[in-house]
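**Q** Here is what each chain is made of, one letter per residue.
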Amino acid sequence: MKRLYKVVAAFLAGALVTVLVVRLGGHAYSDLGVAIQNAREMILSDLDGNRFCFLDLVSSGSETCCLFFGLNQCYSCIFRGMEDLKLLQQQEKNCFAVAVHDNTKDVRGWLTHESFHPVFVMSRHAFLRHVSCRLLPVIVHMEKSRVTHCAYPAP
Amino acid sequence: MVDTWSHDIKITGRIGGSSILNDGHVTATFYGQGPVEISSRAAEIVCSRGQGPDELQDLFAVCEHPHGLAFVELPFRIKIFGQDNGGYRCRQTVWLEKSRFYTAVSSVLFFRGKWFLAGYFLENFSRKYVYKKVFVKVYDAEGKYIKGLIRRTDHEPDQRHLMDYHLVNGCDRIFFLEEDRLRVTVIQPENLKIEKVVDLEAPEEYRPMPKDFYVFKRYDDPYAGIGRDMDTWRTGYSRILCAAFDRGTLLLQIRVFEKAARFMVLFFKEGSFQPAGRILTNDRLLGVREGRFYFYANGDPRYEERADQCRVKVCTLEN
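From first to last, the protein sequence lines are chains A and B.
Under the working numbering, residue 337 is the last one in the first sequence; the count climbs by one each step, no gaps.
Under the working numbering, residue 320 is the last one in the second sequence; the count climbs by one each step, no gaps.
To be clear, the hints were calculated from the coordinates, so they are not data collected in a lab.
Where a beta carbon is used, it is the ideal one built from N, C-alpha and C, also for glycine.
One or more of the hints may lead you astray.
What the hints assert, rightly or not - Covered stretches of chain A, as calculated for chain B (at least 3 residues, CB under 8 Å):
# : stretch
1 : 272-285
2 : 289-295
3 : 329-335
Said to hold, decoys possible - Quick list of simulated restraints, FRET-style, between CB atoms:
#  : chain 1 : residue 1 : chain 2 : residue 2 : range
4  : B       : 291       : A       : 290       : 14 to 24 Å
5  : B       : 127       : A       : 296       : 18 to 28 Å
6  : B       : 260       : A       : 316       : 42 to 52 Å
7  : A       : 316       : B       : 53        : 19 to 29 Å
8  : A       : 265       : B       : 231       : 49 to 59 Å
9  : A       : 290       : B       : 101       : 16 to 26 Å
10 : B       : 152       : A       : 265       : 21 to 31 Å
Please build the complete structure, drawing on both the sequences and the hints.
**A** See below:
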């Protein structure tokens with residue numbers, strides 16, 4: 183019986199340590215397949231080339247929704263993602279999109295006929311370094327700099 | 002045979018599209034390797050793969066443009082490359098008006114200030130199984146959408162986006178063909194109307210594809226399954242491999258299964274589209290210009306043996 187107590191105590195201690203690491207650590211994990219690591223070092227730029235830290239764009243109070251997409255990915259899915267963000271914007275949520283691409287001029291051209299804004303640019307290298315997800319496009323929902331859940335928009 | 006161009010460049014990918022340029026050079030796209038310009042002097046890769054200004058991220062179709070070569074890089078983006086100091090540089094980018102539904106471009110043509118794109122363009126679909134499609138889209142030179150031609154509505158999902166579609170410059174007309182049937186649609190480029198649709202006479206050697214081939218299927222292993230089906234169709238049936246127009250004749254190359262040869266080039270007179278001859282060959286037609294036929298020796302590098310060496314045969318026909 184004592185041995186069983188020991189096993190249970192060890193298990194609870196391990197779970198406690200895991201929770202503390204996730205809560206107090208510098209990165210946030212989601213159970214849904216999206217992870218953002220070292221968000222403080224994630225640098226985005228707007229279409230004029232001004233640089234921002236990703237965490238500065240995430241509101242500290244309300245929920246933030248961020249759409250990550252690549253220019254050569256399924257446009258129907260991106261379109262749906264942007265429409266979803268527009269609806270969330272109407273609910274006064276903080277929403278923005280991030281194009282994963284190396285050339286800001288290309289992104290500006292791609293957005294010629296788009297009505298959604300703001301859109302930021304992130305290099306492919308930075309994306310691979312900081313974000314892990316199953317596929318793009320993906321809408322990441324965050325609260326207080328922490329990923330709460332994600333959605334893969336489909337047409 | 003007029004000439005043979007042999008070059009030490011190994012080609013392994015399937016031939017996507019090809020065209021004969023004004024200067025008599027050949028541009029062909031090979032899957033996995035990108036666009037290659039072949040001349041009597043050299044065979045050079047036009048641009049490498051990437052997101053840089055002079056690179057291509059993807060490649061759907063290519064055509065000649067007054068300023069150089071136009072590549073459909075993304076479904077809504079055309080990059081025009083021109084020659085500078087011997088190498089190709091991107092001179093202009095045209096962003097096409099986007100459509101929110103699925104788009105697959107297979108062929109492109111710049112004709113009298115308009116972009117003609119052939120492919121599979123889903124216009125709308127509903128959960129009640131109504132799929133509205135258009136197969137030719139026309140844009141102005143700046144990329145503004147003008148009109149969609151050749152519409153079809155189906156009530157079941159399909160895989161026709163995997164097909165090849167051909168657009169041929171017929172001097173004052175544009176010809177549209179689908180790879181799975183010998184049927185030509187004549188388009189008037191000025192008023193963007195369909196003039197007529199003609200079913201071409203099939204030769205005895207023609208082996209039609211199964212009608213249910215492009216019906217939507219669920220594969221256990223999607224990548225391997227669909228790849229196997231594509232290879233079966235491309236090597237097992239008489240699909241249209243190349244379409245060209247020269248001196249009042251429409252030329253189509255189809256695959257046949259004769260002992261003597263793997264391919265057949267069919268000739269059709271413009272206007273009536275009556276058969277005007279045929280030739281059997283083991284080489285893959287790349288294009289025709291001013292009576293000269295340009296063949297890639299030994300067939301398609303992906304499917305045929307001994308076709309991985311870059312060798313282009315330039316021929317003329319007697320009679």
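**Q** Each hint should be assessed against the structure and marked as holding or not.
**A** Evaluation of the provided hints:
1. 272-285: Since 3 is at least three, the answer is holds.
2. 289-295: Result for this restraint: holds, n = 4.
3. 329-335: The restraint on the stretch 329-335 of chain A is violated, since only 0 of its residues have a Cβ under 8 Å from chain B and three are required.
4. B:291 with A:290: 14 to 24 Å: With Cβ atoms ~42 Å apart, the hint is violated.
5. B:127 with A:296: 18 to 28 Å: Cβ of residue 127 of chain B to Cβ of residue 296 of chain A: about 24 Å, so the range 18 to 28 Å holds.
6. B:260 with A:316: 42 to 52 Å: For residue 316 of chain A against residue 260 of chain B, whose Cβ atoms are near 50 Å apart, the range 42 to 52 Å holds.
7. A:316 with B:53: 19 to 29 Å: Since the Cβ atoms of residue 316 of chain A and residue 53 of chain B sit about 27 Å apart, the hinted range of 19 to 29 Å holds.
8. A:265 with B:231: 49 to 59 Å: The hint (49 to 59 Å, Cβ to Cβ) is violated, given that residue 265 of chain A and residue 231 of chain B are roughly 33 Å apart.
9. A:290 with B:101: 16 to 26 Å: Roughly 20 Å apart at Cβ, these two residues keep to the hinted range, so it holds.
10. B:152 with A:265: 21 to 31 Å: Because 25 Å falls inside the window, the suggested range holds.
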